[in-house]
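S.K.: Work the whole structure out from these sequences, hints included.
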Amino acid sequence: MTIIRSIAVYGFLAAICVLLFSLPVQAKNGAEIVDISVSLDTGNLEVGFRLINCFTPKMEEAIKSGVKTTFRFRMVLDKPGLPPFRSQILDNTLEHTIKYDLLKNEYHIQIPEHPDRIIRTRDFEEARQWMSTVGNLPLIPLWRLEKGVTYELRLKAELSKSSLPVIYRYVFFFVSLWDFETAWYRVDISR
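With the numbering used here, letter number 186 in the sequence shown gets 186, and the count goes up by one each step, no holes.
FYI, nobody ran anything at the bench for these hints, they're computed from the structure. Hints are not guaranteed to be accurate.
Said to hold, decoys possible - Taking lysine-lysine pairs in the DSS-like style, the calculated list, with each CA pair at most 27 Å apart, reads:
{"#": "1", "residue 1": "K68", "residue 2": "K156"}
{"#": "2", "residue 1": "K156", "residue 2": "K58"}
{"#": "3", "residue 1": "K104", "residue 2": "K64"}
{"#": "4", "residue 1": "K68", "residue 2": "K104"}
{"#": "5", "residue 1": "K156", "residue 2": "K99"}
{"#": "6", "residue 1": "K79", "residue 2": "K156"}
{"#": "7", "residue 1": "K99", "residue 2": "K64"}
{"#": "8", "residue 1": "K79", "residue 2": "K99"}
{"#": "9", "residue 1": "K68", "residue 2": "K58"}
{"#": "10", "residue 1": "K99", "residue 2": "K58"}
{"#": "11", "residue 1": "K104", "residue 2": "K58"}
{"#": "12", "residue 1": "K147", "residue 2": "K99"}
As the list claims (entries may be wrong) - Label pairs and their computed distance ranges (CB to CB):
{"#": "13", "residue 1": "R122", "residue 2": "G43", "range": "31 to 39 Å"}
{"#": "14", "residue 1": "S190", "residue 2": "N105", "range": "47 to 55 Å"}
{"#": "15", "residue 1": "I89", "residue 2": "D116", "range": "55 to 63 Å"}
{"#": "16", "residue 1": "D35", "residue 2": "W143", "range": "23 to 31 Å"}
{"#": "17", "residue 1": "L82", "residue 2": "P112", "range": "31 to 39 Å"}
{"#": "18", "residue 1": "A183", "residue 2": "R117", "range": "27 to 35 Å"}
{"#": "19", "residue 1": "E126", "residue 2": "R86", "range": "35 to 43 Å"}
Where a beta carbon is used, it is the ideal one built from N, C-alpha and C, also for glycine.
M.R.: Rendered as structure tokens:
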């Protein structure tokens, strides 16, 4: 009788945990990943997406005063299955960094996937677009993916927590007001 009771209690607790951990997570400031595109045409698995609602007025003010800001994009590719058979194929992190040069009156945007690596512009709207867009980023060669298998690509974006130097953390006390982290976005991919 006690065995049945303990199984029922543990089963109930497990069900509650599954329900709690499977609830959708909302971003703190409403930042979202949209326009997700996946391409298998070039011999690589390529992904593109945009980040919206990620710039707050406080963040813009800090950037325009010269604070270096970094967005971190995380991309995880899994071969789904039960936990012992699930395997992670890829776990990549990509960073976009913006810094305003007060002397030259221009924004420097560091984007690893862009051929020029550092893009310079005087237009803040253009800088915002470069910071929040990932276009046709090759993730993995197609030969590494099995045909007929469905994979799960998960995407997440966040403001890099290490983007402010320690001395500025005391001056810019409002930094926590412009933190963001999106929920995980999932896309199924079949080859």
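S.K.: Compare the structure with each hint and give your call.
M.R.: Checked hints:
Between K68 and K156, the direct Cα distance comes to roughly 21 Å. Compliance with the 27 Å bound is thereby established for this hinted pair. A threshold of 27 Å between alpha carbons decides the hint, and for K156 with K58 the separation of about 22 Å falls inside it, so the pair holds. Restraint check for K104 and K64: satisfied, since their Cα atoms lie roughly 12 Å apart, inside the 27 Å limit. Taking the CA atoms of K68 and K104, the gap is about 15 Å. The hint holds against a cut of 27 Å.
Distance hint between K156 and K99 is fulfilled; the C-alpha atoms sit about 22 Å from each other, no more than 27 Å. Distance hint between K79 and K156 is fulfilled; the C-alpha atoms sit about 18 Å from each other, no more than 27 Å. A threshold of 27 Å between alpha carbons decides the hint, and for K99 with K64 the separation of about 8 Å falls inside it, so the pair holds. Distance check on the hinted pair: K79 and K99 sit about 38 Å apart at the alpha-carbon level, beyond 27 Å; violated.
Restraint check: the Cα-Cα separation between K68 and K58 comes to about 14 Å, which is no more than 27 Å; the hinted pair holds. Among the hinted pairs, K99 with K58 is consistent with the structure: their alpha-carbon atoms are about 15 Å apart, no more than 27 Å. Restraint check: the Cα-Cα separation between K104 and K58 comes to about 22 Å, which is no more than 27 Å; the hinted pair holds. Of the pairs offered as hints, the one joining K147 and K99 is violated, with about 43 Å between alpha carbons and a cut-off of 27 Å exceeded.
Distance hint check for R122 and G43: the Cβ-Cβ separation is about 37 Å, which falls inside the suggested range of 31 to 39 Å. Distance hint check for S190 and N105: the Cβ-Cβ separation is about 48 Å, which falls inside the suggested range of 47 to 55 Å. The hinted window of 55 to 63 Å between I89 and D116 is violated, with their beta carbons roughly 30 Å apart. Taking the beta carbon of each, D35 and W143 are about 28 Å apart, inside 23 to 31 Å as hinted.
A hinted range of 31 to 39 Å for the beta carbons of L82 and P112 is consistent with their spacing of about 35 Å. Restraint check, A183 to R117: a C-beta distance of roughly 30 Å satisfies the suggested window 27 to 35 Å. Range check, E126 to R86: Cβ separation about 41 Å, and the 35 to 43 Å hint holds.
When held up to the earlier numbered hints, the structure conflicts with 8, 12, 15 and fits the remainder.
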